[in-house]
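Novice: What follows is the residue order along each chain.
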Amino acid sequence: MPYLNVSGITKSFGGLVAVDGVNFHVEQGEIVSIIGPNGAGKTTVFNMLTGVYQVDVGEIVFEDHPIHNKSPQDIVQAGLSRTFQNIRLFGNLRVIENVLIGTHIHTKYNFFDSLFRTRRFQKEEAEQTLKAIEILESIGLGEHIHSYAQNMPYGAQRKLEIARAIATNAKILLLDEPAAGMNPQESEELMQFIRTLRDKGYTILLIEHDMKVVMNISDRIYVIDHGKKIAEGVSHEIISNEKVIEAYLGGGAKKDAAN
Amino acid sequence: MKMKMEPFNRDFITPIEQFLTKFRIPAWVLLGVFLLALPHFGFNTFIMRLFIMIGIFSMLGLGLNILMGYTGLVSLGHAGFFAIGAYTSALLMVHTDLPFLVTLIAAAITSGVVGGILGLPTLRLSGNYLTIVTLGFGEIVRMVIMNWRSVTNGVLGVRSPRPVMFGMEFTFANHGFYYTMLVLLLLTGLTSAAILHSRTGRAFLAIKEDEIAATMMGIRITRYKILAFTISATITGVAGGFYASLMPHIDHDVFTFDVSVLIVSIVIVGGMGTMRGMFLGAIILIAFPEVSRFLMEYRFVVYGLLLILMMRFRPQGILGWKSRLPYNLPKLVQKRVETGVQ
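For the protein sequence lines, the chains are D and A, in the order given. Just so we're aligned, residue 1 is where the first sequence starts under our numbering, counting upward by one. Just so we're aligned, residue 260 is where the second sequence starts under our numbering, counting upward by one.
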C-alpha cells in the first residue's frame, strides 16, 4: 500500500464535474507534482485532500487509514498540512506566533493550566517555542522571528507558510502553487529549498500550473485537465506526451510541436 | 536621515515601551500604591462613584475585548450579559442568605452559560449576521426582564441589599466598593492576560486573522468561538453582579442598547485587541459626560465629533499600536537562549 493513495476521487458542483475519477499515489520521501492548465481541478483535488470539500466518490488513504470526508482538523492531526495559493498568513501576528499557532494541536495543556500558569504550561510553552525557533532557523527565517508576518518580503512569507505547515508535525506537505507570483530566479531558489525539505525527510505534494518550475525537482508528475488525469510519469515522459502538449497548447499546436 | 522618515507616532511610543519594560516592576508597584491610596485623597462620593464606574466599564471592555479584539466577533448585545449577571446576583441576594461572593460566582456562571448558548449560532453565522443575532439577544434579555414578573419583578426592578463580606458592609464611606472593584478588575485583567498569552489566545487571534488558515492549522473554530463567547460573557457577568451590589435598585431600563454600544465604543476607542486600551477607553467614555457638563447639550455634538475624528485619524484606537519590541519569549526559553544550551 502506498504512503498516500488516492483512488477514483470525484467531485462535482451542480452539473460541473470538477474532478473526475482521479487516481494517484505518493510514496514516502518523494516530491510529486500535480500540474495542469488553469481551471483543470488541481486546487479542488487539494481541497478534497485537506477536507475542505467532501469527496463524492472514491477514497483517500494515508498510512493505511482512510482520511476522505474527515474534518480538516482531523486531517491535519493525521499529518497532512497545506499552504495556500494566495498566501494566508496571520499578518498582524509575529512570525514566531504564526509558527506557534502551527504547533497548536501538539501543545498539551488545558485551559486551566494557562489560567494558573502551572508547571506543565511553562514547560510546554517553552518546548513549543524552542521547536518553533528551531523550525524557523532551519528554514532560514531565524532573523525574522520577532517581525510581523505582513512586513516580510514575499519570498519569506512563502517560506513562513511552509514553516507553519511543518510546525503541525506534518508528514506530507501540500504546497499549492508555491512559486506563484515569483520571478524565474526566485522560483528556482524556492524549488532548491523544497528539495532540501525532501532531503530532510518530508514528503511533498506540489501543485503547479507552470510545467517548467517543477520539471527538475519532481520524482513523478501527474497531469490533470478538465478534471481528468491525462498523463503520469517522470519529467521527460511528460514533456513529450501528446495529450499534455494538447492540453497546454491546444490541438493545433501538435504539428508545431512536432516540427 | 532614516530616522526622519519614520512615522512620527512610532518615535515616541517605542522608547516609552522600552522604559516601561525595563522598569516593569517599579511601574506596577507605583500604579498599585496609587490605586490603593486613591480613596484617601479626599475625593467626594460622586468622584469615587465615578472611579468605580470606570472600573466596572473597564471590566466590561476587557470582557468584550476577548470576543471583539481577540476573536474578531462583534457583539452588540453585551448589555444582555451585564443584565443577566446583575439580576442573578441581585435576586440571589434578595431571596437567599448566600454570601456576596457566592452570588457573584453564580452571576458569572449564569452569564457564561448563556454566553456559550448564544455562541452556538456561530456554527452557522459569520460577520455581520452574528452581530445582528447578538443585537437581538440584548433586546430579548430586556424583554424577558420586563415581562417575567414572578421572578424579575417586571418593570419595578429589584432592590438589592448592601453586600456584606467578612462581617463588614460595603459602603462608599468605608471604600468597600472601591476596593472590591480593584480586586475584581485585577482578577479579570489577569484572566484576560493569561488567556491571551497561551494556546487559547493564539487560537482566538488565528480565527480573527484568517478562519480558513486557522482551520488548516487544526484549530477547531467552532469550539473556540463558543469558548470566546463563554469567557467574554463570564467576565461581563462578574461586572454585572458587582454593579447590582453597588446600585440600590436595578431595573430593565439600565441595560439598554446604549450600554452595549458604550461597551463597543470603549473597545474601539481604547484600541481593539489591546488590554491597556480598555482602561483608557473606559476612563475617556465614562468620565467625558461628567467632565464636559459645562458644554450642556453640545456635549453630544463634541462626543460625536470625537468619534469621527478617531475614525479618521486613529482607526486602530488610541492605544492600538503594534509593539516594536521583540516578542516576549517564555522565561525558560530566554534562559536557554542566553546560556546557549539547546
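No lab work stands behind these hints, which were simulated from the structure alone. Source: prediction; values computed, not measured. Among the clues, some could well be false.
[Unchecked claim] Output of the computed footprint for chain D on chain A, the stretches with three or more beta carbons under 8 Å from beta carbons of chain D:
hint : segment
1    : 385 to 391
2    : 446 to 454
3    : 467 to 476
[As the list claims (entries may be wrong)] When the alpha-carbon atoms are kept at most 25 Å apart in a straight line, the in silico DSS-like pairs for lysine-lysine are as follows:
hint : chain 1 : residue 1 : chain 2 : residue 2
4    : D       : K200      : A       : K590
5    : A       : K590      : D       : K108
6    : D       : K123      : D       : K108
7    : D       : K171      : D       : K108
Built from N, CA and C at the ideal position, the CB exists for glycine as well.
Novice: Take the hints in turn and mark each one as holding or not.
Specialist: To see whether the hints hold, each was checked on the structure:
no. : hint            : result
1   : 385 to 391      : violated (count 0)
2   : 446 to 454      : holds (count 3)
3   : 467 to 476      : holds (count 8)
4   : D/K200 x A/K590 : violated, 30 Å
5   : A/K590 x D/K108 : holds, 18 Å
6   : D/K123 x D/K108 : holds, 10 Å
7   : D/K171 x D/K108 : holds, 20 Å
Checked against the numbered hints above, the structure breaks hints 1 and 4 and satisfies the rest.
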